[in-house]
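S.K.: These are the residues of each chain, in order.
There are 2 protein chains.
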Amino acid sequence: MAVAQSDIADHKSQLVRDLQSILPAESVLHRTEDLAPFECDGLSAYRQLPMIVVLPDTIDQVQAIMRLCSTAGVPVVARGAGTGLSGGALPLDNGVLLSLARFNRILDIDADNRCARLQPGVRNLAISEAAAAYGLYYAPDPSSQIACSIGGNVAENSGGVHCLKYGLTVHNLLELKVVTVDGNLLTIGNRALDAPGYDLLALMTGSEGMLGVIVEVTVKLLPSPESARVILAAFDDVERAGEAVAAIIGAGIIPAGLEMMDGPAIRAVEDFVHAGYPTDAAAILLCEVDGTEAEVAEHIDAVTAVVEREGATDVRVSRDDAERALFWSGRKAAFPAMGRIAPDYYCMDGTIPRRHLARVLKGIYALSEEYGQGVANVFHAGDGNLHPLILYDANNPGELERTEAYGGKILELCLEVGGTITGEHGVGVEKIGHMCLQFNDAERDQFHAIKAAFDPHGLLNPGKAVPTLNRCAEFGAMHVHNGELPHPELERL
Amino acid sequence: MAVAQSDIADHKSQLVRDLQSILPAESVLHRTEDLAPFECDGLSAYRQLPMIVVLPDTIDQVQAIMRLCSTAGVPVVARGAGTGLSGGALPLDNGVLLSLARFNRILDIDADNRCARLQPGVRNLAISEAAAAYGLYYAPDPSSQIACSIGGNVAENSGGVHCLKYGLTVHNLLELKVVTVDGNLLTIGNRALDAPGYDLLALMTGSEGMLGVIVEVTVKLLPSPESARVILAAFDDVERAGEAVAAIIGAGIIPAGLEMMDGPAIRAVEDFVHAGYPTDAAAILLCEVDGTEAEVAEHIDAVTAVVEREGATDVRVSRDDAERALFWSGRKAAFPAMGRIAPDYYCMDGTIPRRHLARVLKGIYALSEEYGQGVANVFHAGDGNLHPLILYDANNPGELERTEAYGGKILELCLEVGGTITGEHGVGVEKIGHMCLQFNDAERDQFHAIKAAFDPHGLLNPGKAVPTLNRCAEFGAMHVHNGELPHPELERL
Numbered sequence: 001m002a003v004a005q006s007d008i009a010d011h012k013s014q015l016v017r018d019l020q021s022i023l024p025a026e027s028v029l030h031r032t033e034d035l036a037p038f039e040c041d042g043l044s045a046y047r048q049l050p051m052i053v054v055l056p057d058t059i060d061q062v063q064a065i066m067r068l069c070s071t072a073g074v075p076v077v078a079r080g081a082g083t084g085l086s087g088g089a090l091p092l093d094n095g096v097l098l099s100l101a102r103f104n105r106i107l108d109i110d111a112d113n114r115c116a117r118l119q120p121g122v123r124n125l126a127i128s129e130a131a132a133a134y135g136l137y138y139a140p141d142p143s144s145q146i147a148c149s150i151g152g153n154v155a156e157n158s159g160g161v162h163c164l165k166y167g168l169t170v171h172n173l174l175e176l177k178v179v180t181v182d183g184n185l186l187t188i189g190n191r192a193l194d195a196p197g198y199d200l201l202a203l204m205t206g207s208e209g210m211l212g213v214i215v216e217v218t219v220k221l222l223p224s225p226e227s228a229r230v231i232l233a234a235f236d237d238v239e240r241a242g243e244a245v246a247a248i249i250g251a252g253i254i255p256a257g258l259e260m261m262d263g264p265a266i267r268a269v270e271d272f273v274h275a276g277y278p279t280d281a282a283a284i285l286l287c288e289v290d291g292t293e294a295e296v297a298e299h300i301d302a303v304t305a306v307v308e309r310e311g312a313t314d315v316r317v318s319r320d321d322a323e324r325a326l327f328w329s330g331r332k333a334a335f336p337a338m339g340r341i342a343p344d345y346y347c348m349d350g351t352i353p354r355r356h357l358a359r360v361l362k363g364i365y366a367l368s369e370e371y372g373q374g375v376a377n378v379f380h381a382g383d384g385n386l387h388p389l390i391l392y393d394a395n396n397p398g399e400l401e402r403t404e405a406y407g408g409k410i411l412e413l414c415l416e417v418g419g420t421i422t423g424e425h426g427v428g429v430e431k432i433g434h435m436c437l438q439f440n441d442a443e444r445d446q447f448h449a450i451k452a453a454f455d456p457h458g459l460l461n462p463g464k465a466v467p468t469l470n471r472c473a474e475f476g477a478m479h480v481h482n483g484e485l486p487h488p489e490l491e492r493l
Numbered sequence: 001m002a003v004a005q006s007d008i009a010d011h012k013s014q015l016v017r018d019l020q021s022i023l024p025a026e027s028v029l030h031r032t033e034d035l036a037p038f039e040c041d042g043l044s045a046y047r048q049l050p051m052i053v054v055l056p057d058t059i060d061q062v063q064a065i066m067r068l069c070s071t072a073g074v075p076v077v078a079r080g081a082g083t084g085l086s087g088g089a090l091p092l093d094n095g096v097l098l099s100l101a102r103f104n105r106i107l108d109i110d111a112d113n114r115c116a117r118l119q120p121g122v123r124n125l126a127i128s129e130a131a132a133a134y135g136l137y138y139a140p141d142p143s144s145q146i147a148c149s150i151g152g153n154v155a156e157n158s159g160g161v162h163c164l165k166y167g168l169t170v171h172n173l174l175e176l177k178v179v180t181v182d183g184n185l186l187t188i189g190n191r192a193l194d195a196p197g198y199d200l201l202a203l204m205t206g207s208e209g210m211l212g213v214i215v216e217v218t219v220k221l222l223p224s225p226e227s228a229r230v231i232l233a234a235f236d237d238v239e240r241a242g243e244a245v246a247a248i249i250g251a252g253i254i255p256a257g258l259e260m261m262d263g264p265a266i267r268a269v270e271d272f273v274h275a276g277y278p279t280d281a282a283a284i285l286l287c288e289v290d291g292t293e294a295e296v297a298e299h300i301d302a303v304t305a306v307v308e309r310e311g312a313t314d315v316r317v318s319r320d321d322a323e324r325a326l327f328w329s330g331r332k333a334a335f336p337a338m339g340r341i342a343p344d345y346y347c348m349d350g351t352i353p354r355r356h357l358a359r360v361l362k363g364i365y366a367l368s369e370e371y372g373q374g375v376a377n378v379f380h381a382g383d384g385n386l387h388p389l390i391l392y393d394a395n396n397p398g399e400l401e402r403t404e405a406y407g408g409k410i411l412e413l414c415l416e417v418g419g420t421i422t423g424e425h426g427v428g429v430e431k432i433g434h435m436c437l438q439f440n441d442a443e444r445d446q447f448h449a450i451k452a453a454f455d456p457h458g459l460l461n462p463g464k465a466v467p468t469l470n471r472c473a474e475f476g477a478m479h480v481h482n483g484e485l486p487h488p489e490l491e492r493l
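First to last, the protein sequences are chains E and D.
The numbers in the UniProt record's numbering rise by one with no breaks, and the one at position 144 of the first sequence is 144.
The numbers in the UniProt record's numbering rise by one with no breaks, and the one at position 202 of the second sequence is 202.
Worth flagging that the hints you see were computed from the coordinates, not collected in a lab.
Check before you lean on any hint, since a few could be wrong.
[Unchecked claim] With a straight-line cut-off of 25 Å between C-alpha atoms, the simulated DSS-like cross-links for lysine-lysine are:
| hint | chain 1 | residue 1 | chain 2 | residue 2 |
| --- | --- | --- | --- | --- |
| 1 | D | Lys362 | D | Lys409 |
| 2 | E | Lys165 | E | Lys220 |
| 3 | D | Lys451 | E | Lys451 |
| 4 | E | Lys220 | D | Lys165 |
| 5 | E | Lys165 | D | Lys165 |
Could you build the full structure based on these sequences and the hints that come with them?
M.R.: In structure tokens:
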């Protein structure tokens, strides 16, 4: 075994030397202490030191790195800001971690054609900050928008509070430049509305680093709305709040955002940021409308009428931008606020057809009792994207495992009502088992064929997003061991 | 040769018998007189009788047909309503034409979740007609919406007048059921906003029958706007009209539709439908805004101010729905109206970044003089999607060839300003050569790899949409023969 270890060390040394012929020495990290900051992304329950980290700053360098790794058969994991929540940027101990952190320049803002050309490491919020000078902004706004990068947003097809009206990342892209596994540079999409050929732009978006390395992104910009106001509506019953969501959408209004928080979330948040939320409510809705002054006034009246008819116990409308920011402050602080009520939390991400909101929430509460783990719900109600936050204490033996099992059941609930196992966080390593439930063999085979069309030797981010046949066999065995499908929970509802 | 002919006849007879074991005899057409109606789609300059036409009416039958053809190595061309304008449904003399005409049922309208589940042969307009009972409609509205089918819309990623605000077909889809070349049934996409795994939904959309046979489509429905009005603005200069388009968009307004017609188009149309267009204008814009009453009123004022500032010589606003329909009647009749000024016309379809509108129009006029073929322009100005209608007489020797050469030059103009060779009509057989100019070898290789991932033996609609290496070599040779890139036309502007 000592021989094998020294073989590995030789292999690594050779690779470091080869990479140093492409990049300056300080851009090739290989000592354990230098590698540590890259051992996980936002899903910190999973950690792994990479063999080597590279920090290129030109497209030519990325192409050369990919050519080298392809020839040497070394797997590569691309990484943006590392804020992802499904472990999509988890390194491999035998692989190169390719950080795009130095690709942080805004290359061009074209106000006439309402678009911005960006390096992939540009922070999401920095786009809107730069576009503001032209009265424009970039719509998708993940909670992590201060830190997360546009390249990572593309890789995960990120959403945000405003994607109900303005769509996910995929709906706000025009063009990508992508380096393939063997170092070719592809231009995908076009500044025009549509491009001929197969739609590789959408295919690449959300592909979690499995198909290529994104080295340039052109996004659509939108005109900043003239006005925006938020309605805060409280309910003494979660189910009623869920029905109000359906009623708002059913009234023909498309709010800019329509968020819901349940009682445990409200109380944790209020204690933390003092947003003025009614702490005795079972649920609140935050409904933002934007547009011209007149349009906003009309929609505020319409939404107010709907939530009152649906039994809201308290309805407030933001009077100015300061109050609007205050109303949102609680929602935005919801994740960190969980620290007030539990040492750890696990943020789930599943999506369901809107009309099943009340039913699935009931199921989540029933499972909470069954597993003995608390839960708080904060979510994009308008598009049915749930974020149950399961509360646990990692220091208590067995709690993380119980939390993961509970989380898995929540995903299965989503599937059973025709939903999906992810809304905007991606599959990564976290939900790869549940991909076996969402897709049948023919569908997974098709995914593998697509993967092979881009990366025949499986060197790009292997082990993520799309499970192998073996993986699904193992998951099935584990699953049958843990409990049987379909769930009794749903049948009781 | 007689032997070979009889071999072919035997092969056909055997295939007919095999297909008759799957379908009732009247659903397998094989006599020349029965095949004739299928010899072309909307691009009638290209015609070819298929070997056999099949008319299945269940998904099981489509699966069985695909299994049979796959095993026998027989190519298959799927066809919707046959209204396509790029020859995407042109049959093969050695192939089966699979008509989806009998898949014409609306399976479900789910008003709560604002979606409709449809068989692929459902007509585009029939969706909105059925959804109207719920105050909903389906947004993409190709000119052929009375006749074209939703399956064909998906295959071509069709647009329409309202795609500026509401997007192309791909932006209005939730889920597809697709039969693969070897007869598997895949469910692609999801009723939720996003689905995990690679985005096969967008990949399949616009893939022109090359990747699978669409057998079910779930579309998004939108609430019918409370109000809609149209502004008609006339200009005495095409360039000014183009600048007004940029100014409207630049003012932060996203009209529901923003169309432009030039002088020759205006006069042909007015002579035909008497829409009241100013026949002395060099160009008119039709700008529709929709939304709530107040929003529409605000936007009408804003657009009026912009077009007046940009030098409009005549500005009219529709006073009621009847006048709105009148304003649109001319635009909608533009294609048939061409019959008033020329025996034949060839409708081109290219897209350019909006700000190059004036420049490219000048290039189109210069080429018109060079080739000695008249041209009228009718187009989706808001999203830069041009539809130059080249006028010709097929009975004059050489005119069709000259028209095609002129059309090719227009596509090259689009490419040179960063546009694309198609906006919404697809590539089909028509523009396959120009795909060699739009994409480089690595990009076309990637397309072929995707194709192979779905259809390794190339049996689905071969010869369309993505050119082979040989095809590009031939096109390059032809191209150099006809004239050199880059064009002197653009340099003169």
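S.K.: It remains to establish, for every hint, whether it holds in the given structure.
M.R.: Evaluation of the provided hints:
1. Note on D/Lys362 and D/Lys409: the hinted pairing holds, with a Cα-Cα distance of about 13 Å set against a maximum of 25 Å.
2. This hinted pair checks out: E/Lys165 and E/Lys220 have alpha carbons roughly 15 Å apart, not beyond 25 Å.
3. A threshold of 25 Å between alpha carbons decides the hint, and for D/Lys451 with E/Lys451 the separation of about 12 Å falls inside it, so the pair holds.
4. For a cut-off of 25 Å, the pair hint linking E/Lys220 to D/Lys165 stands: about 13 Å separates their Cα positions.
5. Proposed proximity of E/Lys165 and D/Lys165 is supported: the alpha carbons are some 12 Å apart, at most 25 Å.
Hint violations for this structure: none, all hints satisfied.
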